[in-house]
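**Student:** Construct the complete structure from the given sequences, taking the supplied hints into account.
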Amino acid sequence: MTKAIKTRLLVVGGGPGGYVTAIRAGQLGLDVTLVEADRLGGTCLIRGCIPSKALIHAAAKFESVREAASGEGTLGISIKGTPKLNLAETVRWKETIVKRLNEGVAGLLRRAKVKVVAGWARFSDAKTCVVETAEGPVTITAEHVVLANGSEPVELPNLPFGGPIVSSTEALSLQELPRKLAVVGAGYIGLELGSAFRKFGSEVTVIEAQDRILPLYDAPLVKPVARWLDRAGVTVHLGAKVKSFKSGVVTAEDASGKLLEVKADTVLVTVGRRPRTQGWGLESMGVDMDGRFVRVDDQCRTSMKNVWAIGDLVGEPMLEHKAAAQGEMVAEIIAGHRRRFAPVAIPAVCFTEPEIVSVGLSPAEAAQAGEEVTIGQFPYAANGRALSMEAGENGGFVRVLVRKSDHRILGIQAVGSHVSELSGEFALALEMGATLEDIAGVIHAHPTLSEAFFEASLHGLGHAIHI
Amino acid sequence: MGQYSFKLPDVGEGTAEAEISDWRVKVGDRVEEDQPLVDVMTDKATVELTSPVAGVVRSIAGKPGHMAAVGSVLVVLDTDGADEGAAAPAAEAAPPPAAPAPQPQAAAAPAPASAPQPPKSQPAAASEKAAPAAPVAPAVKSTAAVRARAAASPAVRRRAEELGVKLQFVPGSGPAGRVSHADLDAYLANEPAAPSAGTAAGSGYAKRSGVEDVPVIGLRRQIAERMQMAKRQIPHFSYVEEVDVTELEKLRAHLNATKKPEQPKLTVLPFIMRALARLLPEYPQMNATYDDEANIVHRHGPVHLGIATQTPRGLMVAVVRHAEARDLWDSANEVSRLAKAAREGKATREELTGSTITLTSLGPLGGIVTTPVINRPEVAIIGPNKIVERIVVRDGQGVVRKMMNLSSSFDHRVVDGADAAEFIQRMRALLEHPATLFI
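Quick note, the sequences are listed as chains W and F, same order.
If you count the first sequence from 1, you need to add 2 to reach my numbering.
If you count the second sequence from 1, you need to add 14 to reach my numbering.
Since the hints were derived computationally from the structure, they do not count as laboratory data.
A couple of the hints might just be wrong.
Said to hold, decoys possible - Restricting the straight-line Cα-Cα distance to at most 25 Å, the calculated cross-link-like pairs of lysine to aspartate or glutamate (DMTMM-like) are:
#1 W:406 / F:47
#2 F:77 / W:440
#3 W:182 / W:157
#4 F:279 / F:338
#5 F:180 / W:408
#6 W:406 / F:43
#7 W:117 / W:40
**Tutor:** Structure, rendered in structure tokens:
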């Protein structure tokens, strides 16, 4: 016999979009049910942001130990012997973090009095779904439905996932270090993981169809990353389309039709992610699509009354913080508040070596928008804190882009070690509508990397102190 | 494209700041050289500042009532705005570059449609269909967003959303036009109140609601401050005498009937001015200014006669310089010229400062008695009231005469009552026997 649940709000998906929606709705006193087939936490917590950052951290640690063990050592530190990596143990450590966050989310949902149903939901109409749970099917009907189904890695038809061909999900749980790793796609996921495996000791080759790496960022931002890849011995083939993977060889073809062969025992395919729109009855809900995505307005309403969609399902950028912000907003709208999704900027961070941050307009976008801009820039090489942590020589800088007439900040980009931690101040500046004078008028603590932002602002005003 | 920052010039001797009284332009306006930009007010005068260059107004600083320091930037102009204006339509006409999107929605919609299969978060697509157009999609969206929106903190934006206010219509007082909570408050305060629902049963009259807050700024603030100072510092005493102006009115009617066409019509004011000019040398303590901090009374040789003038923006005192050297016609001309200038806001600083004694007349609204407030630091003010025909007793007979009261106030610190009384009695004698005005 089928169990039935009637709820005010049904949230589909326990990722950062869905669980934030559910918690906020619970805080606002709504009766909320959340359905998740996997563990709570979604791509971000389980197979994305967090686990990849854990591996990137472990890789950096391993690299520094290896530096100390090679030749003269590093910074006067040397050790005898050869450092060894047990990747299975590293992955287990990563799992403890994932587990902790996963349990944390479960606890938060409990506290917000959200009913969690574990299983795969399949919709029969816009407000009704059946969830196959371990205890049998449960029918859920709801007044409001929030779709937060997320996204999944895109597969290449000629390189189907399976065996040695892996997506980012499997790459984060490899039990043995690949000796030769081929990374197909030089976007941020491919380069983050490829760089980490290079630090662990894999031989890494990157194959990219376009003629540049990290096409989302402009050339000066990408240059330090390209330089690191080069120095670290990562081979990068640009303008090469992958044809096949047979008996340990990836075959690719460049623009002139020349064939390229790359030996690999593992092939990581990171050619993007697509919204998860298949396999759960979206087609019977009667919502309009917008290309591959579910079409929503600036309140995340779909074309079906009281059906809402957020996060990766509704479009670029596919980022945790966007999904969470939309989820919070939708919960509040359902609770009767007036809200609109209209951020000035959604920061994008890339955890390559070194890291890249971009918030707001890039120089090209500003030009396209007809803005006359002034640029202030400050190099890491002139920042004391950067030098003190070996971050001064990798080409890092902070760049601030302002409207010439009134100095309002339009965009901030930076590349450099640990620069991701500056993204909050960058986003704050944009959201508050700050001008160069505002940043230049804030005393930034010394010695910190944040001084580079301050100095870039002074540079924009024409009077940087330290360059 | 050049840019010109228009700074507040030094508008008067030793002025450190001036109050913005009225903007003549708004952001986006095109201004020609010498076109008025803003009116600012110093202690006394309103000065119209004109643009030294032609261009398009990019930003303006401060709202009416705000004080601006000399040297601070008031207006930023794009100086070859002509090019900009011409460039915009050209850009729209040009097909190839993705036309600048006027609205976020419009920009966002077509982009994903044009982007085929490959994912956009990682456009490093190794698949067959590499789509370089794809990564542009979010970019275009954010571009349009920054342009279309007013700068405001997330908290202000959220509140505006809850209030249903579109922030792009709210004037921002912050740098780069940033909108603050206070700006939003001010905007809301100026919104017309919603029509009140229903009327009291049967009366047929609608109830009214709402309170209008009128900021005391500009000229009003100066009037308020000066009046307050005058009443706080000066122990006023007032003295009223009635004057038989029958003869004076006869003379005035005659002069008006026989005047040359180019001569102005005479009111009673030029005669009173003449009387003052004639009499004041004998009463130097009246034509004086009292510096009560230095404890000095400056007794003035010339009679610079202040004429209280009602203007659309409030009370102003225009100054007829050297009234002692002007005849009736000249005085009448000067009064009407100054009154016009003051009413039109075109009086210069010199025309509004430096009086030594003031005349305040409400003309036909003059009433029976007034108790005028002294125009500090002066020490005396004379206010003629309206002329009426009254029955008065002459030689035991009731006769109809044209009578006018003369109200006056004096600073009792430096003018004694007996002197004031004598002075007004002498005024009366002069006005009752108008021939004596001219000997």
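**Student:** Each hint needs a verdict: does it hold in this structure or not?
**Tutor:** We went through each hint and held it up to the structure:
As the CA atoms of residue 406 of chain W and residue 47 of chain F are separated by approximately 23 Å, the hinted pair is consistent with the 25 Å bound. Proximity of residue 77 of chain F to residue 440 of chain W is assessed by CA-CA distance (about 21 Å); at most 25 Å being required, the pair is judged to hold. Between the alpha carbons of residue 182 of chain W and residue 157 of chain W the distance comes to roughly 21 Å, so the proposed pair stays at or under 25 Å and holds. Between residue 279 of chain F and residue 338 of chain F, the direct Cα distance comes to roughly 20 Å. Compliance with the 25 Å bound is thereby established for this hinted pair.
Simply put, residue 180 of chain F and residue 408 of chain W have alpha-carbon atoms about 22 Å apart, close enough for the 25 Å limit, and the pair holds. For the proposed pair residue 406 of chain W and residue 43 of chain F, the alpha carbon gap of about 19 Å is at most 25 Å, so the pair holds. Taken as a hint, the residue 117 of chain W and residue 40 of chain W pair is honoured in the structure, with Cα atoms around 15 Å apart against an allowance of 25 Å.
The structure meets every hint from the earlier list without exception.
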